[in-house]
Structures are given as structure tokens and as C-alpha cells.
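Trainee: So the protein lines, in turn, are chains L and P. Going by numbering that gives the first Met the number 0, 114 is the number at position 115 of the first sequence; the sequence numbering is gapless. Going by numbering that gives the first Met the number 0, 45 is the number at position 46 of the second sequence; the sequence numbering is gapless.
There could be a bad hint or two in this list.
As the list claims (entries may be wrong) - Partial list, derived from the structure: chain L residues whose beta carbon lies under 8 Å from chain P: (1) Leu146; (2) Glu152; (3) Thr159; (4) Leu160; (5) Ala162; (6) Pro174; (7) Ala175.
As the list claims (entries may be wrong) - From chain L, some residues computed to sit far from chain P (all C-beta separations above 12 Å): (8) Ile13; (9) Ala58; (10) Phe73.
To be verified - Listed next, with one range per pair, are the computed distances between beta-carbon atoms: (11) Leu63(L) <-> Arg179(P): 33 to 39 Å; (12) Asp113(P) <-> Arg255(L): 52 to 58 Å; (13) Met0(L) <-> Arg179(P): 34 to 40 Å; (14) Cys166(L) <-> Glu63(P): 40 to 46 Å; (15) Pro174(L) <-> Gly296(P): 21 to 27 Å; (16) Leu248(L) <-> Arg149(P): 56 to 62 Å; (17) Pro174(L) <-> Glu63(P): 34 to 40 Å; (18) Ser133(P) <-> Leu79(L): 39 to 45 Å.
Rather than coming from a laboratory, the hints here were simulated on the basis of the structure. Where is the CB? At the ideal position from N, CA and C, for every residue including glycine.
Now for the letters of each chain:
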Amino acid sequence: MGYSIVYLSLVVLIPLAGLLIRVTAMSWADFVRVAFSDRALAAYRLTFGASFLAATINAVLGTLLAWVLTRYRFPGRKILDALVDFPFALPTAVAGLTLANLFSQTGWLGQFLVPLGLHLAYTTGGIVLALTFVSLPFVVRTLQPVLEEFEVELEEAAATLGAGRWCTFRRVVFPALLPALMTGFALAFARAVGEYGSVLFISSNKPYVSEITPQVIMGWLDQFEYANAMAVAVVMLSASFAILITINLLERWASRFQR
Amino acid sequence: MSIELRHVSKRFGSVSAVEDVSLTVDDGELVALLGPSGGGKTTVLRMIAGLEVPTSGDLLVRGERVNDVPVQKRNIGFVFQSYALFKTMSVFDNVAFGLKIRNTPPAEMQARVDELLKLFGLDGLGRRLPHQLSGGQRQRVAIARALAPRPSVLLLDEPFGAVDAKIRQELREWLVRLHRELHVTTIFVTHDQEEAMEVSNRIVIFSRGRLEQIGSPRDVYEQPKNEFVARFIGVLNVLELTVRGGAARLNELSFPSHGVAEGETLRIGFRPYAVQISSNLQEHPHSAVIRHVYFLGVQLRLELETPSGLILRTRIVKDDFLRQGLEQGSSVSFQIREYRVLSTGANNLSPEVATVHSAANFAEGI
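Start from the sequences, fold in the hints, and give me the full structure.
Mentor: Set out below in C-alpha cells:
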């Protein structure tokens, strides 16, 4: 207990406190002017919006992937399973570079997609794509153990009572997965909000359009406006914190049936 | 609801789980599928439910072939060994599940669930979640859930396996009462022969995927078809004798040779109740010492050891035991009143051989 508090303080709480102290040096008016400037607001919207979208995509596709990995036995399953961790291992800048290359007008996939009007490189769509990529493992990895432990008898019981496959999934399987799914969603979302490297490469980084919050912060830092950077950072921090707490509460509600 | 299996087999890959099983269950019966684990009884139950499809053979319900009817359409109630209650749902929602799927009107659903909860002694627990219930209560919720949509047959897989002994006894009696009241055709799987004897009208005995015998509890106990059944239902003393000088002998015991050739082996089996003992050492032809006394209530189970070290098991009523002044270590005389000849050699599953009353033979044999 003591160790964990010390550890948590050193790694998380002290830097955060430092951040807040730095910001308190600013006047309230200055803080509002910087932290809620149109450019910053556009960046918040994009950051949280794209992250939310990415986490949602992962919640759906990640559930599917986790399901396939736990329920089916097929050649190459182990390799696929190992590949899920790939986004963890890959430096995100490399990921961004690869994706931009793949989806640009001349890229492998881009040359087919761009004529169809699907611009995934240097657009907000590209940001969602990059964020989806880097946060992919979370939903899969949180759901896998739950799915592995899930008793097949529960599905069979539903079937003997007359429920079809979809109905069984919706009423029996899904509610049992929900807590883990929300944990995975929260982790994926948090990871996406914090992502910087890959977005740098795949986004066009235009202020008001395709600039995420970390880039705004970097912008202020480049101008040696540390306090301004901190102000934006504090908003980020508070928002992330609020969202995580909300998800945590929802998760607790969803797992009320567990001991 | 009559259910019929005709030459049903089930293979899982190269493993044969059920082999050529034919049996009929009549309307309103309470049948036990009994056998050691891995005997194929659960697979048979799951095939009746539609959770497994037979590899070959036909499954008929009221004369109609249902092999390809999916589980959802079979109108069966299935109770799993693990109960498989839906953890995310209240007791009420669990029991109502089958009714909801069938789009039962809410008022009717409410009435049916309330009726079942009351019948099962669960009234007032409707809003609890499964983890807030005791083992026995969970069991009852599982049965109530299976019965709610009025299935034509109730299937239970090891229904009393996961509760402790005391509750198990209560649940057995309760299941018999329930069956008498609802009169729904019920088939349950168990590996406990006492449970099967006590609860069911008919017992179907399986071993290694094959059906060994079907019959009333009394039939299978008194007229076992083969050695497997005889050993599985109740206790059986088995002796391996060698024929020498025209009689089958083992140490101090000797029996007629039953036509077995000189030098060959004769195996006989007898129930504990066939061994009669007396504190009067002159009364019976053989002598032994009481090695162990197992207290079973009104009855005692005794382990006898003959001077040459043979161990025999017998039963005696407690009052009789006390009246004769017996205790552990006492010397007694005994006789074997009846026995069956078992098949010789490796084949355990021999055809039945008639009971022989052998008191006269003993006198000669000694």
C-alpha cells in the first residue's frame, strides 16, 4: 500500500501538481483566453472526437476479433493473436508514416481509395485511422480473458429456452461482456487521446482543421510560451480525468451483478 | 411425450461417445440415466435436447423424427450441472427468459413466474441476483427457468452434483414431489446409483457408451443383466475360484463347479445381504472375524475376514447386531445363502446366470 502510493506520487501526482502550480501563475483571464481560444477548442473537439470514434470502432471490431480468437481454432490463429500486440511494439511515428504512405494518393491502398473519394491520408479521417491503429490492442486484450472464461452452457441454456443466436448474444453474452468492454473502451480512448507521434505524420496538421491538442501544446512550446502550453494541457488533463471517471462509474454499474 | 432413440450413435472425431443406443421413454416417466463418468449418459441427454446431433440413428418424439430440429424448436427444459443461470439477470428475469423469447404477454408472464417462484419456495427472491442465492436456491431457479415455458420434457444433467449432501437429500425428495405434481416427463443424468434408485421410476444404465440395462430400480438391483450392472448397482462380493477335484475352491470356501472344467477359473458374485452371520460359531459352516463396522443408521455394514484372509462384505440390522452381542473383532460363523455365477475370463459383461440357493451344497463341500 505504502509503496504503491509513493510510486503513484512520483510517477503521476507530482508532475501533475507541478503542472497545476505553473498554471496558477497565470491570471484567470489569460488562462481562459489561451485555453479556450478558437484554435484550442477546435483541437479539443478533434482530439476527443477522433479518439471517441477510434475507441468506438475498436469496441466493435475488437469484440469481433477477440471473439474469433477465443472461439475458433484455425491455422494462423496464434500469429494473428500475436499481431494484436503489434501496435504496442511499433513506434507510433513509424505507424503514422506507414499509414500515410499506404493511404496517400500514390500509396498501395490510396491509389484505389482516393479516386473513390476516400481520402485517408492528411485528413481527419486519417487521424481516426491512426488512433484506431494505436489503440487496437486494448479492447481485444481486456475481452479475451472474459470470453475465455465465459461458460458455453449459458449460451446453450438460452438456446434450450428458445433464444436464437443473435438474441442469445444480445441478452446473455453482451451484458456479461459489457464491464470488460467498457474497460477496454476507456483504455483505448485514453491511449488515443494521448497519441501524438502517428498523427503528426498522417494529419495535415492545419490549425482549426486537422490539428490535435498535443500539437497545439507543441506549438506554444516552440514559441517558448510555457504557461500557455500548460493552460491547454490542464484543460486536456481535466477533460480526460472527467471522462475516465465517468466511464469508471458506468463500468461499476455494468458489473453490479458480479460479486 | 414419448421419446424414442433408435440405434443412436455419437462420435466426436474418432472417439465414440455413444454406441447403438435404443430406448423409449414414455409420457410422464421419471427416468435416470446412470453410469460412471464418460459413460455417454450426458451425451444421450444432450442429443435428446438437441445440443448434440446423433452421428447415426434416429431420435423420435411422439413418433416424429427430430434429428434435424434445432434445440430452440424442441420445447425442452434443460437444467445444467452448473445451473448456467444468467448472472446479469435477476431471479425473475432468469425464470421469465423463455417466456420473453416466446413473446408472452406481460401479465401472463408475471403470473407464470410468480406461480413458479411460489411453487419452488422462492417467493420474495425475484429481485435477487444469482450470486446472492444459496446453492439449493440456484438449483431451484434453474429448474423453474427450465419449466417456465411449459416444456414437454424436463432434462437434468447431474442436477444434485454441486450441492452438499444434506441439501442433495432434500432436493431429491423435492424432485420426486415435483414430478408427481407436474407430471412432466423427466430424464436426469447421475453417476450416483443411490440417487437413481431413490428418485426414478426407471433406470437406464450406461457404460463406455453402451446401454447395459433398462429397468425399474428393483429390477436392476435384483436381476442385473451382467456383472457391470451388478457391481455398479449396490455392493457385490466377487470371488475367483479354481476348480479342483470337482469343486470350485478358494482357500477354505468351496462351491459346485457349475460345469467348469478342472483347473479352470469360476467367478461368483453375491450381495452383502446374502451373507448371513451368527455369533454362534456352530450355526454356519464358515468362520470369520469382524474387521470393521460401518455405521449406516438402522443398518451396519460389516467387513469380515476369514482365517485365510479373504474379505467379505455383509450387512446386518443394528438391533440384530446388538442382540447377538457382536462388536468389532468378534468371531462369527457365516454362510453364503445365494450367489450368481459370473462369466469367466476378461469379459466382464457376461449374461446373467440364475441365482442358486446353496445351503445344501455347503454341507457337502466342507
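Trainee: All hints, please: hold or fail.
Mentor: Hint check:
1. Leu146: violated, 15 Å
2. Glu152: Given a least distance of 4 Å, the restraint on Glu152(L) holds.
3. Thr159: This hint holds: Thr159(L) lies near chain P, its Cβ roughly 4 Å from the closest one there, short of 8 Å.
4. Leu160: Holds - the Cβ of Leu160(L) comes within 8 Å of chain P, reaching about 4 Å at its closest.
5. Ala162: holds, 5 Å
6. Pro174: Because about 4 Å separates Pro174(L) from the closest Cβ in chain P, which is inside the 8 Å limit, the hint holds.
7. Ala175: holds, 6 Å
8. Ile13: Holds, since 41 Å exceeds 12 Å.
9. Ala58: Non-interface label on Ala58(L) holds, nearest chain P Cβ at 18 Å vs cutoff 12 Å.
10. Phe73: Given a closest Cβ separation of 17 Å, the condition holds.
11. Leu63(L) <-> Arg179(P): 33 to 39 Å: Violated - the Cβ-Cβ distance for Leu63(L) and Arg179(P), about 49 Å, lies outside 33 to 39 Å.
12. Asp113(P) <-> Arg255(L): 52 to 58 Å: Given about 24 Å between the Cβ atoms, the range is violated.
13. Met0(L) <-> Arg179(P): 34 to 40 Å: violated, 59 Å
14. Cys166(L) <-> Glu63(P): 40 to 46 Å: violated, 26 Å
15. Pro174(L) <-> Gly296(P): 21 to 27 Å: violated, 47 Å
16. Leu248(L) <-> Arg149(P): 56 to 62 Å: violated, 42 Å
17. Pro174(L) <-> Glu63(P): 34 to 40 Å: holds, 36 Å
18. Ser133(P) <-> Leu79(L): 39 to 45 Å: At roughly 43 Å between Cβ atoms, Leu79(L) and Ser133(P) fall inside 39 to 45 Å, so the hint holds.
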